[in-house]
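2 protein chains.
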Amino acid sequence: MAILTMAGILDARPRVGYFYTGKTTMQAIGESIKNKRVKDYKSVPILVKENTSVYDAICTMFLEDVGTLFVVNEQNDLVGVVSRKDLLRSAIGKQNLEDVPVSIIMTRMPNIILTYPDETLHEAASKLIRYQIDALPVVRPKQGKDGSQTETKYEIIGRITKTTITRAYVDLGNEEL
Amino acid sequence: MAILTMAGILDARPRVGYFYTGKTTMQAIGESIKNKRVKDYKSVPILVKENTSVYDAICTMFLEDVGTLFVVNEQNDLVGVVSRKDLLRSAIGKQNLEDVPVSIIMTRMPNIILTYPDETLHEAASKLIRYQIDALPVVRPKQGKDGSQTETKYEIIGRITKTTITRAYVDLGNEEL
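Protein chains in written order, with UniProt numbering: chain A, 1 to 177; chain B, 1 to 177.
Among the clues, some could well be false.
SDA-like mimics (lysine to any residue), calculated; alpha carbons at most 20 Å apart, straight line [as the list claims (entries may be wrong)]:
| hint | chain 1 | residue 1 | chain 2 | residue 2 |
| --- | --- | --- | --- | --- |
| 1 | B | Lys-39 | A | Glu-98 |
| 2 | A | Lys-127 | B | Lys-39 |
| 3 | A | Lys-49 | A | Glu-98 |
Stretches of chain B that chain A covers, calculated by requiring three or more beta carbons in the stretch to come under 8 Å of a beta carbon on chain A [stated by the list, open to error]:
| hint | segment |
| --- | --- |
| 4 | 32-46 |
| 5 | 85-96 |
| 6 | 123-130 |
So the derived label-pair ranges between C-beta atoms look like this [said to hold, decoys possible]:
| hint | chain 1 | residue 1 | chain 2 | residue 2 | range |
| --- | --- | --- | --- | --- | --- |
| 7 | A | Arg-108 | B | Glu-155 | 32 to 38 Å |
| 8 | B | Leu-63 | A | Gln-143 | 53 to 59 Å |
| 9 | B | Asn-73 | A | Ser-43 | 19 to 25 Å |
| 10 | B | Ile-104 | A | Phe-62 | 36 to 42 Å |
| 11 | B | Asn-174 | A | Lys-94 | 22 to 28 Å |
| 12 | A | Pro-110 | B | Pro-117 | 40 to 46 Å |
| 13 | B | Leu-63 | A | Glu-50 | 28 to 34 Å |
Derived by calculation from the structure, the hints in this document are not laboratory data. Note that the Cβ used here is the ideal one computed from N, Cα and C, for glycine as well.
Just chain A, with the same shape it has in the complex (with noise of 0.2 Å):
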C-alpha cells in the first residue's frame, strides 16, 4: 500500500482513505522503469591498451566472455570500441591477426556513443536500440588540471549491455512487494 502511494496511484488524505489520482497502471510502469539508474545496474568494463593485437583482444573477449571491450590510452582514458562482430570481420580478412592493434579496427571517439552513471537505464536501452550496438560505455568525464573540460577525455566506469537489459526485463516480471 505504501509502494502504491509511493507510486501516485493512490494519494493519501487523512480521514477520507485513499482516492484514485488518474493514474494508470501503464504510466505506473513506465515510471517505475524510469527511476532506475545506470549507475545501479552497471557491470564491469573489460579494457585492453591500444597496441593490443586483434588476436589477443579475441582471446580477451573469450576468456572474460563478453561480447564487447573497450579500449583505453596510457591514461586511461576510453579512446575506443571494439565489438565481436569487428573482430570477425577482422578475423576473415588477410592480415595476421596477431600484428593488427585493435586501434586499427575499433570504433573510436568522439563516435562512440556514452551513457553516464545517473542515466536512467531507460534512456541507455533506447540508445542500444537507435544506434543498433550491444554495449555502452558508462564514462564519467575527467577534469583537466585547471578544472576546464575543453578536451572531455572519460574515464571508463562500467557497462551497460542488451544483457543487461534483459536482466533488467526479467527481473521487473519477478518483482512482487
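Fit chain B to the given chain A structure using the hints.
Structure of chain B alone, referenced to chain A:
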C-alpha cells in the same frame, strides 16, 4: 480507469465506487509483463543449410546483420544454432573456413534451448539469462504422418533475441495510455 480496473488494481462495485484490491503496482507491472507473448514480438529467423560453409555463414551473418543463425536440414527441421561467438572461434582456428560446414561447429538438437509462440516474453527472457545465450528459436512441433510426435521435429517460425527484449523494455517505459 478501465485499464486500472482490467489490471485488477481497482475493482468496480456498483454504488460503492472503486476500492483498492490489495495488489501493488509492482505486482501489476509483473502481470503486465507476463501478459506479453513471444508470438507478438518474434522477428524473422535467418536460416542456413547444414552443408553451408563457415565462411558463407559468416557472410550471411554480416549481410543479414544478425548475431545468430539457425541451421535446418532438407526437410526444414531445426537441427542447429550458430552464434557469432562460434564463428569467431572457428575463424581464429587453423582450418580453411570454406571447407568446414556449419554442422561441425553448431550447437545441435537436443541441446538447443527453444521457445514457443504462446510462451510469455518474460519466460523467453529468463531463458536467455539462465542459459547465457543471445537468441532463442521460436518453434512449432511438427507432427508425424500418423499424428505422433515421437521424433519431435521442430519447424522454426521466428527468433527472440536480447535485442527483442531490450526493445520491449524501451516500449514498456514509453507506454502511456
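Here is how each hint holds up against the structure:
no.	hint	verdict
1	B:Lys-39 / A:Glu-98	violated (45 Å)
2	A:Lys-127 / B:Lys-39	violated (25 Å)
3	A:Lys-49 / A:Glu-98	holds (14 Å)
4	32-46	holds (count 3)
5	85-96	holds (count 6)
6	123-130	holds (count 4)
7	A:Arg-108 / B:Glu-155: 32 to 38 Å	violated (44 Å)
8	B:Leu-63 / A:Gln-143: 53 to 59 Å	violated (45 Å)
9	B:Asn-73 / A:Ser-43: 19 to 25 Å	violated (38 Å)
10	B:Ile-104 / A:Phe-62: 36 to 42 Å	violated (19 Å)
11	B:Asn-174 / A:Lys-94: 22 to 28 Å	violated (45 Å)
12	A:Pro-110 / B:Pro-117: 40 to 46 Å	holds (44 Å)
13	B:Leu-63 / A:Glu-50: 28 to 34 Å	holds (30 Å)
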